[in-house]
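> Sequence:
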Amino acid sequence: MSTPRPALAVAGNIPQFVLSDRLRKARESAEMTQTELADVIGISRRSVSYYESGESAPKRPQLIAWAMATGVSLSWLETGQPLIMSPSPTPDDQAVRVTGRSLVQVQPRERMAPVRYIRTGASSSPERAA
Numbered sequence: 001m002s003t004p005r006p007a008l009a010v011a012g013n014i015p016q017f018v019l020s021d022r023l024r025k026a027r028e029s030a031e032m033t034q035t036e037l038a039d040v041i042g043i044s045r046r047s048v049s050y051y052e053s054g055e056s057a058p059k060r061p062q063l064i065a066w067a068m069a070t071g072v073s074l075s076w077l078e079t080g081q082p083l084i085m086s087p088s089p090t091p092d093d094q095a096v097r098v099t100g101r102s103l104v105q106v107q108p109r110e111r112m113a114p115v116r117y118i119r120t121g122a123s124s125s126p127e128r129a130a
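Residues in the sequence shown are numbered consecutively from 1, following the UniProt record's numbering.
Derived by calculation from the structure, the hints in this document are not laboratory data. Predicted model only: the values in this text are computed from it and were never measured. The C-beta atom is built at its ideal place from N, Cα and C for all residues, glycine as well. Careful, some of the hints might be misleading.
Here are the in silico distance ranges between beta carbons for each label pair [to be verified]:
1) Gln94 <-> Glu55: 28 to 34 Å
2) Gln94 <-> Ser53: 27 to 33 Å
3) Asp93 <-> Arg46: 32 to 38 Å
4) Ser44 <-> Glu110: 21 to 27 Å
5) Gln81 <-> Thr120: 29 to 35 Å
6) Arg45 <-> Asp21: 28 to 34 Å
7) Ser73 <-> Glu110: 17 to 23 Å
8) Gln81 <-> Glu110: 17 to 23 Å
Hey, can you work out the whole structure from these sequences and the hints?
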């Protein structure tokens, strides 16, 4: 019987296997396949698989995009702990405020408009980034 390999750590000494479980749970709760998530956040499906299996760790920008795409807080994704601050609006509340539509009606590509906007630079308009 082989000895289990030690868990890798990412920023904040987060055990890799714990992070990988949260990455998978976030994607599944967003009802996205690995391929869909990879397309939305701009990484390969293989990278999604590696991150979810604990074979490698995503960098912080990828964690931010993952959190935005799946509607979970970055804090929870990184630490497993909910934010202790004032209650934050739900992803649906944020979607209604930004788009005037419920998240149920917003397609995954539309949900990632802020990420695309950030990637293309604040000087670009969101319409051109989409």
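> Are the hints correct? Go through all of them and say.
So, going through the hints one by one against the coordinates:
1. Gln94 <-> Glu55: 28 to 34 Å: Check passed, 32 Å falls within 28 to 34 Å.
2. Gln94 <-> Ser53: 27 to 33 Å: Since the Cβ atoms of Gln94 and Ser53 sit about 30 Å apart, the hinted range of 27 to 33 Å holds.
3. Asp93 <-> Arg46: 32 to 38 Å: Given range 32 to 38 Å: holds, Cβ gap about 34 Å.
4. Ser44 <-> Glu110: 21 to 27 Å: Holds, since Ser44 and Glu110 (Cβ atoms, about 22 Å apart) stay within the stated range.
5. Gln81 <-> Thr120: 29 to 35 Å: holds (32 Å)
6. Arg45 <-> Asp21: 28 to 34 Å: Taking Cβ atoms as reference, Arg45 and Asp21 lie about 19 Å apart, which means the hint is violated.
7. Ser73 <-> Glu110: 17 to 23 Å: holds (20 Å)
8. Gln81 <-> Glu110: 17 to 23 Å: violated (29 Å)
Violation of the numbered hints given earlier is confined to hints 6 and 8; the remaining hints are satisfied by the structure.
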